[in-house]
Amino acid sequence: MLPLRYGEPLAAQSSAPLESGACKSVRGADAACAAHSMAIRPALVQDRTSRRYAGTSMNLRSVLLAWSLTMSVAATPAAARDRATELLIGCYTGPQCRGIARHRFDSVQGRIDPQPLEVIETDNPSWLTFSADGRHLFALNENGPASADPVGRASSYLLARGNARSQRLSQANTLGDEPAHASASADGKYLFVANYAVAAAPGGTLAVLPVDGEGRLQPAVQVMTHLASGADPERQASTHVHAAVPTPDGRYLLAADLGADKVYVYRYDPVRSVERPLRAAETPHLALPPGSGPRHLLFDASGRRAYLSLEMSGEVVVLERDEDRLRIVQTLALDPGRREGNAAAALHLSADGRFLYASNRGADNHIAVYAVEAGSGRLSPLQRRSSEGRGPREFALTPDGRHLVVANQHSGSLVVIARDPDSGLLGATLQTLPAFAPSDVKFVP
Numbered sequence: 004m005l006p007l008r009y010g011e012p013l014a015a016q017s018s019a020p021l022e023s024g025a026c027k028s029v030r031g032a033d034a035a036c037a038a039h040s041m042a043i044r045p046a047l048v049q050d051r052t053s054r055r056y057a058g059t060s061m062n063l064r065s066v067l068l069a070w071s072l073t074m075s076v077a078a079t080p081a082a083a084r085d086r087a088t089e090l091l092i093g094c095y096t097g098p099q100c101r102g103i104a105r106h107r108f109d110s111v112q113g114r115i116d117p118q119p120l121e122v123i124e125t126d127n128p129s130w131l132t133f134s135a136d137g138r139h140l141f142a143l144n145e146n147g148p149a150s151a152d153p154v155g156r157a158s159s160y161l162l163a164r165g166n167a168r169s170q171r172l173s174q175a176n177t178l179g180d181e182p183a184h185a186s187a188s189a190d191g192k193y194l195f196v197a198n199y200a201v202a203a204a205p206g207g208t209l210a211v212l213p214v215d216g217e218g219r220l221q222p223a224v225q226v227m228t229h230l231a232s233g234a235d236p237e238r239q240a241s242t243h244v245h246a247a248v249p250t251p252d253g254r255y256l257l258a259a260d261l262g263a264d265k266v267y268v269y270r271y272d273p274v275r276s277v278e279r280p281l282r283a284a285e286t287p288h289l290a291l292p293p294g295s296g297p298r299h300l301l302f303d304a305s306g307r308r309a310y311l312s313l314e315m316s317g318e319v320v321v322l323e324r325d326e327d328r329l330r331i332v333q334t335l336a337l338d339p340g341r342r343e344g345n346a347a348a349a350l351h352l353s354a355d356g357r358f359l360y361a362s363n364r365g366a367d368n369h370i371a372v373y374a375v376e377a378g379s380g381r382l383s384p385l386q387r388r389s390s391e392g393r394g395p396r397e398f399a400l401t402p403d404g405r406h407l408v409v410a411n412q413h414s415g416s417l418v419v420i421a422r423d424p425d426s427g428l429l430g431a432t433l434q435t436l437p438a439f440a441p442s443d444v445k446f447v448p
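Quick note, the sequence shown lines up with residues 4 to 448 if you use this note's numbering.
Everything labelled a hint here was simulated from the structure, so no lab data went into it.
Each residue gets a CB set at the ideal place from its N, CA and C atoms; glycine is no exception.
Don't take every hint at face value.
To be verified - Label-pair restraints from in silico Cβ distances:
| # | residue 1 | residue 2 | range |
| --- | --- | --- | --- |
| 1 | Gly191 | Arg342 | 40 to 46 Å |
| 2 | Arg171 | Pro287 | 35 to 41 Å |
| 3 | His413 | Gly253 | 34 to 40 Å |
Start from the sequences and build out the full structure, keeping to the hints where you can.
Printed below as a string of C-alpha cells:
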C-alpha cells in the first residue's frame, strides 16, 4: 500500500488503497510519538504512516497546508483566543483514572493542560452528554468486567467552570447492561439511554429516564426491546442498542441497534403519556445490510439528513429523513482498500456542516474526512488521517474548529491535531497526552 499523506486531499493521491498507521506507542511514551507534541510547523507535515516511511520527503502541498494552518491559528481573533475553553475526558476507571477529568484547552497553541481543573470520581463514565442549556452533565456508568456494580447507571451533575467543583445531583439505574450512549430530549424532560449489553441475555435495551427541573434523574419509566438479526452469531445473537438520538425538531427518537442491523424510529409525545413518552412510529425502523452493525448517528442542522456509522462493516451511511421515514442515499467504506479489520466508531460534523469526520478502529486506526455536498448531503472523501494511536473510540472538534482531539482508548492517549476550517483537512499533531483508557471527550458548552 502507499503511505497516507496527511496534508493532501485523497483526490491528489494515487487511487491505490492508502495505508494509515501512525505512532503506535502506549500512552505516548515512544520517542517518535513524543515528537508529535511539538508546536505546528511545516517540517512536521510529513508521512508518519510507519517508521519505514520516515525518510519520505514532503511536497509543496504539504508545506502550504502546514503554513496555512499556522497562519489561521495566528489570525484567530483575540476575543476567541482568550476565551476559556474547557473539555471533559471520561475513562474506563482503574488505578490511573478515577472518572471524569475537566481540563483547560489552549486554543492558541492547541494543547490540553495536563493538570486537570477537577476530577469527578465516578465509575466507568463511558459516555458524556449535556442538558440543552449546558448547566448539567449526564454521564453513563458502564458496568461489566471492570466494574463492581452489577447494573448500568446514569449520573447527573451540576457542571462547574474554572476552579469551582461540580456537584453530583443524582444517579439512576438504566435498567440494562453496559450503557453506551445517551441524549437528552429537546425539552429537557427525559434522558434516553442506549444499553448495549455485551452478553447474549438479556440483550440491549433503550431506556427512558425522566429528568426534573433541577437536573436530577428519576427512575426509568419506559424500556424498549428489539429483536436481534443473528447475522453474525458471535456479535448479533442479541440486540445491542448503541445510540439514541432525538431529531432536531424533537418529535422523533432514532435508536441504532448494532445487534438488530436496524435503526428504530420512535415518536416522542410526552403530552400523550408522561409515563410512556415513546411509541413506535408508523414507519418503525430502517433495515440495514445483515452484519453491518449500526453504531452511532447524527443529524445535520436541518434534520432532513442523518449520518450513520456501521461498526461491523466499517462504513458510513447518508440517510434522508421525511418525518418518520428514512431512506439510504449513499454508503461509503471508511477504508476502501481494506475489506476486513474495520471498526467504525464516532461521527461528528463541523459546526458549519461542510465536513463530516468519522473514526475507524480495528486494524486501521484513522479519522476519515469527507466534504458534505450542500444540496444533497452526499459525501466526497477528502482525507484519511492516522489517529496516532489504537482504538480511536471518540473525538471532538474544538469550538473554534481549528483542532480535533482524539481519544485513543486502547493505546491510552489523547491526541490534538490541527485542522483547517476552510478546507476541512487535518494537519500536524500538536500534542500527545497520556490518558488511561479514554472513553469519551467533550468540550464544555
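Against the structure, the hints:
Taking the beta carbon of each, Gly191 and Arg342 are about 44 Å apart, inside 40 to 46 Å as hinted. Between Arg171 and Pro287 the C-beta distance comes to about 37 Å, which sits within the given range of 35 to 41 Å. For His413 and Gly253, the hinted distance range of 34 to 40 Å is satisfied, since their beta carbons lie about 36 Å from each other.
Violation of the numbered hints given earlier is absent; every hint is satisfied by the structure.
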